[in-house]
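The whole structure should be built from the sequences, with the hints applied where relevant.
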Amino acid sequence: MGDKSNLELLRSLDFLVIVNIVGKALEIKPLLGDRTQLILWIHNEPGFVFLQDFNNAREINACDAFVFVSDWQREQFHRRFGIDSNRSCVLRNAIAPFFANIFADNISLLSHKSRPPILA
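Just so we're aligned: 1061 in our numbering is position 39 of the sequence shown, and the numbers increase by one with no gaps anywhere.
Just so you know, these hints were derived from the structure itself, not from any lab.
Be aware that one or more of the hints could be misleading.
Derived CB-CB ranges, DEER-like [to be verified]: (1) ILE1117 / ASP1036: 22 to 28 Å; (2) ARG1102 / SER1034: 31 to 37 Å; (3) GLU1097 / LEU1141: 29 to 35 Å.
Each residue gets a CB set at the ideal place from its N, CA and C atoms; glycine is no exception.
This is the structure in structure tokens:
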């Protein structure tokens, strides 16, 4: 795909989700269509150094919504960075659907392991 095709694709999206990369919203938002929502999905706690761009109000305001993995995390980002709760939601971490039914619920997974687990 050429640059023009990539730009057309970006502008045609309903939404674009950025996962754990903070500090790019101001750069990406102008490339999106008027109706394209920019969503930032964060999996880390707010103390990580790479999350310091949350201190930049312009960067935060360039995002249309935020997704967090727990109520605690959402509250921490609200307290620390002033993220409006109305612009965020919680989608908890979960197993990928592909792996959900590999083993029956009534059997031990250890019986399917080649070696016993090692706690380090």
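Results of checking the hints against the structure:
no. : hint                          : verdict
1   : ILE1117 / ASP1036: 22 to 28 Å : holds, 26 Å
2   : ARG1102 / SER1034: 31 to 37 Å : holds, 35 Å
3   : GLU1097 / LEU1141: 29 to 35 Å : holds, 32 Å
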